[in-house]
Structures are given as C-alpha cells and as structure tokens.
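Student: Chains as they are written, first to last, in the working numbering: chain A, 1 to 346; chain B, 1 to 314.
Simulated from the structure, these hints should not be mistaken for laboratory data. Remember, predicted model here, so these are calculated numbers, not experimental data. A hint or two may mislead.
What the hints assert, rightly or not - Using 25 Å as the maximum straight-line C-alpha spacing, the simulated DSS-like pairs for lysine-lysine come out as follows: (1) B:K310 to B:K229; (2) B:K310 to B:K233; (3) B:K3 to B:K233; (4) B:K229 to A:K99; (5) A:K99 to B:K3; (6) B:K310 to B:K3.
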Amino acid sequence: MTQTLPPSPAPGPTTDTDTTLLVEDLVVEVLTEHGWATVVDGVSFRVARGETLGIVGESGSGKSVTCLSIAGLMPARQTRVRATTLRVLDHDLTALTPKQMDDIRGPRIAMIFQEPMTSLNPAFTVGDQIAEVLRRHEGLSRRAARERAIALLDRVGVPSPERRYRQYPFEFSGGMRQRVMIAIALACHPDVIIADEPTTALDVTVQAQILELLRELQREHGMSVIFITHDLGVVADVCDRVLVMYAGQIVEGAPITELFEQPRHPYMEGLLAAMPRMDQPAGELASIPGHPPRVGAMPDGCRFHPRCRYADDRCTGGGSPELVQLGPTHSTRCLRHPELTLRGTP
Amino acid sequence: MLKFFAMRVLTTVPVLVLVTFVAFGLVLLIPGDPAVTIAGPDATVQQVAAVRERLGLDRPVVVQYWDWVTGALSGDLGTSLFTSRAVSTSIADGLPVTIALAGTALVISLLIAVPTAILSALRRGTWLDRFATVGSSLGIALPSFWLGLVFVLIFSLGLGWLPATGYVAIEEDPAAWLAHILLPALTLGIAGAAESTRQLRGSIIGVLQQDYIRTARSKGLRSRMVIGKHVMKNASVPLVTVLGLQITGLLGGAVLVEQIFGVPGLGQIAINAVTTRDIPVIQGIVLVAVLVAVVCNLLVDLAYGYLNPKVRPR
C-alpha cells in the first residue's frame, strides 16, 4: 500500500510515532487585488494518533485555509505556503513536488468537505467516485475496487449498497452524500482526516448521525481527525483538544473541558457567551461587537483589541502578541491573561 | 438508456413528416410553372400540356405528394428534369463527399479547440491564454471564402504542399484523399474551432471552480485524471450544444467551400439544381440535408444523456 509513496527523507531529529501531523510556523499568503496578503500567520500545532483536534473560529479566520494548505489544495498560482515543518508521519510535505503530494492525499491525508450537495461529481456514479481512489492508490482492479467500495458504502451506513453503487449523486439525500464523502475519505485508511465543517449543511438529526459515524470510524481505525467548525456545540461533542483561530492566528489552544470551563482569551469567552444554552432564558444571547479585521488591514498590536472589552493601552500598539504557553496543554495570545478571570461555561 | 434512445427516435417522426411537407411544398412555392420552363420558351400549349402530363403535374397535389413520399421511402426521389439521372444517384455521389468534408472539418476543429481550450483555461491570464483568445476572435471574424483563398495561396501555390482543387475518393487512395480534403476541411472547420475553443475555455474555467474538482484533487488523483475525467465530462455539455448547432452550419458552409476548392459534393449539385430550377433535385437535397441535421441533433441529445445522468429518464 505504501509502495507508490516517495521514499521518506532521512528521519528528523524527533519523529515520535505518536504524532501523525506536525505543523510549525505555517504562513499562507494569497494574491488579492492589492497584492499578497497573509491569511494564515505562524500557525503551529501537532495532532496525535487517535486524537480529534478541533479548529474553531469565525468565517475568514483562516481555519479552512490552514487545512487546505496542509493538504496542498490551495490554488497554486494565487497562493504562497511556507512552513518550518509540515510533516505527516515521517513524510516532510515541504520537500514534496506536486506529484508526490498526489500520493499523500488519499492514503495519508484525506478530506471531508462542507457541501455534500456539490462535493460529489454529478456526472459519475457514486460507486465510481469511491472506487477510483482505491484504483489510484492501491492499484486495485475494477472488480476488486468495486467490492471494496460496496463494503465501504455498507460500513458508512448507506442501505442497499450494491444498488446505490450504480446511482448518481443527485439520487442521494444530503446526509447520504456526506456518508459517501466519508467513504471516499476512509477508502485508503488515511492517518489524518481533515473534516471541514462536515455537518454544517445538514439537518440537526442527520448531523448527530454523521458525528456518531465519524467517532465510530475513528475508534475503529485509530485515525487522527482535524475537525474544522464554527459550531461550539459540535466541538464539545467530538473534540479532545481545540485551537481557536482569529484573523489568521491561533489565539488559544486547550483541551476541551479546560477551554470551556476556563477560557484564557477574551475572544473565546465571547464565543462561549454567544453560544445558545438550554439553561439560560432566551433573549440573553450575547454577541461579540464589531467584525473581524479584513485581510491586509490587520490592526496594530493584538488583532482582537478593537472588539475586546478588556483591551487597554498595552493591547493597541506594537506587534502582535506572542502565543504564551500557560501549561503543558494550554496556550493563549492574550497579553492581559494573568490579570483577567474570564467566564466559561460550567 | 435504451428507452431514452427509443423515445428520442420516435419524437423525430413528426419532424420528418413536417419536413416532407416543406420539401414538397417547394414546387408550389417557386414562381412559374415547371412544365413551361422545361418545355422551353417556344413550346405550344399542347407541348406544355404533354410535359405536364409526363411529369404528373396535372394530378391533384395530394396525389403528387403521396407518390413522392412513398417513392422517397423506397429510395426513389424522382428524376432530374435536365440530366435525366435519378436524383438518388446524384445525391449518392455527392453526399459522401460532403459528409467526408464536414466530418473532417469537425475533427480538425476539435483537434484545435480541445487542447487550446484546456491549456488556456489552465493558464488563464498568461500570454498563451491571450494569444488563444485573440486567435479565436480572428477565427470567428474571418470569412471562409477569404481564408480558403489565403490557404490556397500559401499551401498550394506558395509551398506546393497540397493540391488547390479536386477530390479523390477515400477508397481509391487514402493519402490523396487526405491531401485533397485537408485545405477545404481546414477552411470549413476553423470558424467552428474558434467558437468551440471559446465555449469550452469558459466552461472549463467554470468547472474548475466547482467543489467536486477540489474533492477529486483531495483524493490524490493525478492532474490529467482530474482534468481528463472530472473536468472534461462536465465541461463538454456546452461544447456539445455548440457542436450540434455547428453541424448544420457546416453543411451550409460546405456549399461555399466546395465551390472554392472544386470539390464535387452536395453543394455543387445543389447550386446547379437551384440555378436551373431542377425541382426534384432540390427537393431531394433539402430532404437529405434535413435528415442529416435531424440525425446529428439526435446524436447531440444522446450525448447529453451520456454526459448528464439527470437527463436520462428512469
């Protein structure tokens, strides 16, 4: 299964087998009308085997761009991606040619996208779109790929898979299409699955089923999952650890319970306060005032300060504050974190 | 798919019936009496009447129509008023030539259009893309009679590579056939190539932005697979529409190009028939031309069914 992969470079100083994905100082620039603009600014994180890492943030915070860049899926001519380290197991992605990246996508990194209605090609049968991954990466015959694809459809909970194999995407409901997307992502047993808002476009009941399916499959295969979402409810449901992104930077990172109970960045506090809750009377829903900064027009100092209720003189000037490690697992980019006691959710 | 095919074939029947009305109606619409024309300016009334009786023009129109249609169904389209050859024989001589010309023109235009459109869509905004865009504007704007003459000047008279006129049947000598048909086909096909390039470039650019193309890339498929399979099958739909329209245009354009290059196709027969008011020949050619157009449209619709599964009935 790994024979089509390029030879791994000499093992780095530390390649602990527990880390499936290691990202250090990822910077992504995109070409806009006004020239190159930085949309992801120095993002670093690691994902352990079997772990589910959530990345939350508003639209435009750079969470999708981060993941698409890792997978090498940003449009090449309008994007510049730099990173000190970008490593999946012991494959150094920064050293790979586009052709070698083709061999990584599928068996190493797989993706599930937000829009199940448009993410499948309308002109090919669902079965063909699953089987082609297997034919491409595992060199299976048409017949063998078909059998595996039918088994995959069955595993992700598509009823009567043999009949469904021959059908086209328009004959599937949204939830069923997302199951097909999961089957495609799962086909070559990837080490890392990146799920970019996989349930946002689905009904709530279907949403719960898909999340449950993802959880089951992760347990079965021991994959790492990166879960991109803006829905804190989903985050609380599935993630072990969460990174909070704002304006292209990670502003806070912590294990899920810690983050919810004791947020250390005002942005996260704001997100939690804006989350609708059953035990609160309706109508008291808070929202964070203002809008996130536009790309290419980042405020001086802390990027969140124009919207922050705790901001003072220290926050408004100088460069962007550094991400500070508060403990082995918790980090924040807030300058005032020692003096602030932020409200979490019990 | 079979049901779709059968349905589609059945729906062409009313069209064909309508076409026989129109083709036959030509006799009634053309001013003057064909019997008078044939008998000549000095003919007596008796002579004209004799001609009319010989041609069956004195019978009721409905009877004439019925005779013509039943004849046409058995392959008998009547006899030329002037050469006394069977119309079906003339058409059988000219039609394969015209079809070969139009077919080759179509192949050439696709050979130009598909690679150019893919390259310029993938390298949007580069000099190559701009060159292709300017080229296709020129291709659409330049008239074929001028282009044909320029090609003759360059490739026949100047370089002496290809013959300027004439035609050799493919079964006689394939190499000579190709040499003779290349210039006319290029002349005929270039406008279509330009139009197809434009259309296909636009649709490829549109398809490239679709989510399912990102999905295809996320599977690690090779670039040529993403383009050749996932992009092209979707981007071909507008191209097929354009091709369907072009095919009828090619038949019309062939008339002109056959004249320029002296190719003995249906176009030359048609021009002769029209100038001499040889009505049975005109009727036969109109009927055959429409048949070809109907068959091509049928093929286009079947192609839709293949390209877009939603069109197929279930």
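Student: Hints first: check each against the structure and report whether it holds.
Tutor: Hints, one by one, checked against the model:
no. : hint             : verdict
1   : B:K310 to B:K229 : holds, 18 Å
2   : B:K310 to B:K233 : holds, 14 Å
3   : B:K3 to B:K233   : holds, 22 Å
4   : B:K229 to A:K99  : holds, 18 Å
5   : A:K99 to B:K3    : violated, 43 Å
6   : B:K310 to B:K3   : holds, 14 Å
Against the hints set out earlier in the document, a violation occurs for number 5 only.
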